[in-house]
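As they're listed, the protein sequences go chains A and B.
Quick note: the first sequence, position 78, residue 1059 per the working numbering, numbers continuous.
Quick note: the second sequence, position 127, residue 122 per the working numbering, numbers continuous.
Since the hints were made in silico from the structure, they are not lab data.
One or more hints might be untrue.
Said to hold, decoys possible - Each computed DSBU-like pair below joins lysine-lysine, with the alpha-carbon atoms no more than 35 Å apart:
| hint | chain 1 | residue 1 | chain 2 | residue 2 |
| --- | --- | --- | --- | --- |
| 1 | A | Lys1147 | B | Lys1 |
| 2 | B | Lys118 | B | Lys105 |
| 3 | B | Lys104 | B | Lys121 |
| 4 | B | Lys103 | B | Lys1 |
| 5 | B | Lys95 | B | Lys121 |
| 6 | B | Lys1 | A | Lys1261 |
| 7 | A | Lys1010 | B | Lys155 |
| 8 | B | Lys103 | A | Lys1128 |
| 9 | B | Lys1 | B | Lys121 |
| 10 | B | Lys74 | B | Lys1 |
| 11 | A | Lys1358 | A | Lys1147 |
| 12 | A | Lys1157 | A | Lys1197 |
| 13 | A | Lys1010 | A | Lys1095 |
| 14 | B | Lys103 | A | Lys1359 |
| 15 | A | Lys1147 | A | Lys1261 |
| 16 | A | Lys1010 | A | Lys1351 |
| 17 | A | Lys1137 | A | Lys1261 |
| 18 | B | Lys105 | A | Lys1351 |
| 19 | A | Lys1137 | B | Lys137 |
| 20 | B | Lys103 | B | Lys209 |
| 21 | A | Lys1057 | A | Lys1010 |
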Amino acid sequence: MDLVYTLFMVAVWFLSTFFTISFLLHVIKHRDRLSESREFDFSKQARRVSIVIPAFNEEERLGQTLASLEMLDYPKDLYEVIVVNDGSSDGTARVAAQYADGRHVILIDNQENKGKAASLNDGIERATGEFIACMDADSQPRPDVLKKTLPYFSNKAVGAVTVTVKVQSAKSLLHKLVDLEYIIGLSLFLKVMSLFDCVIVTPGPFSIYRADLLRKLGGFDRQNIVEDMEIAYRIHREGFRIEHSMDTHVSTYIPQTFGALYTQRKRWYSGALLTFWQHKGTLLRHDMGLFRYFIPYQYGLILLGVALFLYTGFLWFRNAFTQLSYYALTNFNFFSQFKFDFDVLGISIFSFFGVTAILLTVLFVSIGLKVTNHSRKKMAFGVFGYIALYFLYQFFWISSLGLILLRRRPRWR
Amino acid sequence: MAVERKLFLYAGIITVLLFVMIYSLNVFLSREREDSLSTRMDSLIDDFEEMQALFLMSGIFDTNGTCIALQTWMSQMDKSLWDLGIKLDQYQKVTEEYLKDPFYLEQKKKFNRRQVIYYSILKEAKDRCSLNATSLLFFYRKSEECPDCDAMSFVLTDLKREVNEEVAIFSFDTNLDLPSIQVLPVFFNVTSYPCIVVEGKTHCGLYNKNELTKFVCDAGQLSICS
């Protein structure tokens, strides 16, 4: 065990413990505010809304999405749906055309595949609403989504509102793990971050923005592969807040296979780091509040965590290889060295760091699931699931860092 | 909403308190480790005095009676010495994950000295009392200087589990600045590390368990040889 390893371990422990405890204290203190429901005042808050849906090869699910928008609990004459076909090679345009009436549902049928950000911008250009909701073609919001989000805009400083993202039909173990991640990451985490004014993403499945702000920002960045994250930086830079509503949600489909999830996460994580680098200047500005500290803190912790994970893995494999070479000298007599001798005095300081990290994870997941009204059964799965997610994340982050270091452009699909 | 600095301050305080708790617990365990080793070492030293007394008596009084007592005592000593050596290594490893503690160097010196005394008495007692014990000396250096020493130690631990008190194994750390330890490698013509000496025959290098078993079986009749 060397000094570098010890320093790594202590640094990661300090940063992650401080973060987790800060998070939990905010959850406990503001538990009543987390799921608060803001009353929708029709006379004051009913405004025209444009819902923009970029769609690339979404023939299968677009119909379900458009049907869900028909069910919105909001006056039909106060919202329009703009579907932007992004040069799909399947029947996406045909499905959209079945709903399009040129007034309430509009189809922009681009023959060329321009990318998600460009498609969103095409929709924004055509939008007539005072607020613009951008959503994915495979996501279905709850009928009350507009009534629950629009009241936040009574505060002039609010530039965008995000909602809880739920996984549509999580049946396999992988989907259940991602579901767990979404419950904490794309619901509670965003809510607590909104308390700090540090929401770092306006998730693609459904987020609603002030139309004039989007236009002032010039829409989404066409070059960016995580456009929903990049725009969050610019919203903060313009001095606006991003709020999160936990009392409504949008259901979305997640990648069906591990390979597809891997590709998606490589895009997300490498895109997140590239966006951080793209906006490093923004983070130096004094008017960015806590955001300017939170972003470097978060990515610093992630990078240190990955380095620690890699180094620990290296030490573990090296030790395993050494032990194996020793056993080879004793004709692989594995049982001869085994002697059950639990000695509390033989516990290392690093075990205590590990135990506190595990206990905090248990606390974090338990409280997280409790305040989001999930069952005890889910809690038991949650604790083990989060530990499994930890290893999965490391794998995704290492791959994403590899992409960046090799200067390879992440793929969308 | 204004940033609640107080909550972050509390989080910082709790984090530091947790760290201090872990550190204090570790300091406490570290002291307990040292106390435990000191107690074991003191007990071993008492046992050594008894063994030395018996050894001296065997040369003066009725040889048969004292030799039987000496043999029984040495058999117990062999186990205590071996167990203490293992604990010493275990605790030193745990402690030195984060700091070098001079305590362990001192204990190692004491331990190695006891081994030299024990080996010397055993050698004499074999002639005086016709004891049927095979001795194996293991000379090692720290792993930076001797990459194979840990592997050799592993094989010896494996062997010891099978032979128990039939073979008395002595591990000498030649990095220790002890005159008694420095004399032995010269006497046994140790040219490189790791090096083992079985009943006076020197074998330097890394050996597997089969080779090691052959060395000890060549030196004496043991239960594992049949």
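Hint-by-hint comparison with the structure:
At roughly 33 Å between alpha-carbon atoms, Lys1147 (chain A) and Lys1 (chain B) fall within 35 Å of each other, so this suggested pair holds. For the proposed pair Lys118 (chain B) and Lys105 (chain B), the alpha carbon gap of about 20 Å is at most 35 Å, so the pair holds. This hinted pair checks out: Lys104 (chain B) and Lys121 (chain B) have alpha carbons roughly 26 Å apart, not beyond 35 Å. Annotation: proposed proximity of Lys103 (chain B) to Lys1 (chain B) is violated, straight-line Cα distance about 50 Å (limit 35 Å).
At most 35 Å may separate the alpha-carbon atoms for a hinted pair to count; Lys95 (chain B) and Lys121 (chain B) exceed this at roughly 40 Å. At most 35 Å may separate the alpha-carbon atoms for a hinted pair to count; Lys1 (chain B) and Lys1261 (chain A) meet this at roughly 28 Å. With a C-alpha separation of about 60 Å, the suggested pair Lys1010 (chain A) and Lys155 (chain B) falls outside the 35 Å cut-off, and the hint is violated. Distance check on the hinted pair: Lys103 (chain B) and Lys1128 (chain A) sit about 75 Å apart at the alpha-carbon level, beyond 35 Å; violated.
Proximity of Lys1 (chain B) to Lys121 (chain B) is assessed by CA-CA distance (about 75 Å); at most 35 Å being required, the pair is judged violated. Between Lys74 (chain B) and Lys1 (chain B), the direct Cα distance comes to roughly 58 Å. Violation of the 35 Å bound is thereby established for this hinted pair. The hinted pair formed by Lys1358 (chain A) and Lys1147 (chain A) meets the criterion: a straight-line CA distance of about 18 Å does not exceed 35 Å. Taking the CA atoms of Lys1157 (chain A) and Lys1197 (chain A), the gap is near 39 Å; set against the 35 Å cutoff, the hint is violated.
With a CA separation close to 45 Å, the supplied pair Lys1010 (chain A) and Lys1095 (chain A) exceeds the 35 Å bound. For a cut-off of 35 Å, the pair hint linking Lys103 (chain B) to Lys1359 (chain A) is broken: about 52 Å separates their Cα positions. Restraint check for Lys1147 (chain A) and Lys1261 (chain A): satisfied, since their Cα atoms lie roughly 31 Å apart, inside the 35 Å limit. The suggested pairing of Lys1010 (chain A) with Lys1351 (chain A) holds, with an alpha-carbon distance near 14 Å, which does not exceed 35 Å.
A C-alpha spacing of about 27 Å is found between Lys1137 (chain A) and Lys1261 (chain A), which places the hinted pair at or below 35 Å, so the restraint holds. For the hint linking Lys105 (chain B) to Lys1351 (chain A), the alpha-carbon distance of about 57 Å lies beyond 35 Å, and the restraint is violated. Between Lys1137 (chain A) and Lys137 (chain B) the alpha-carbon distance is near 69 Å, which puts this suggested pair outside the 35 Å criterion. Restraint check for Lys103 (chain B) and Lys209 (chain B): the C-alpha separation of about 30 Å stays at or below 35 Å, so the hint holds.
Our distance criterion of 35 Å between C-alpha atoms is broken by Lys1057 (chain A) and Lys1010 (chain A), whose separation comes to about 39 Å.
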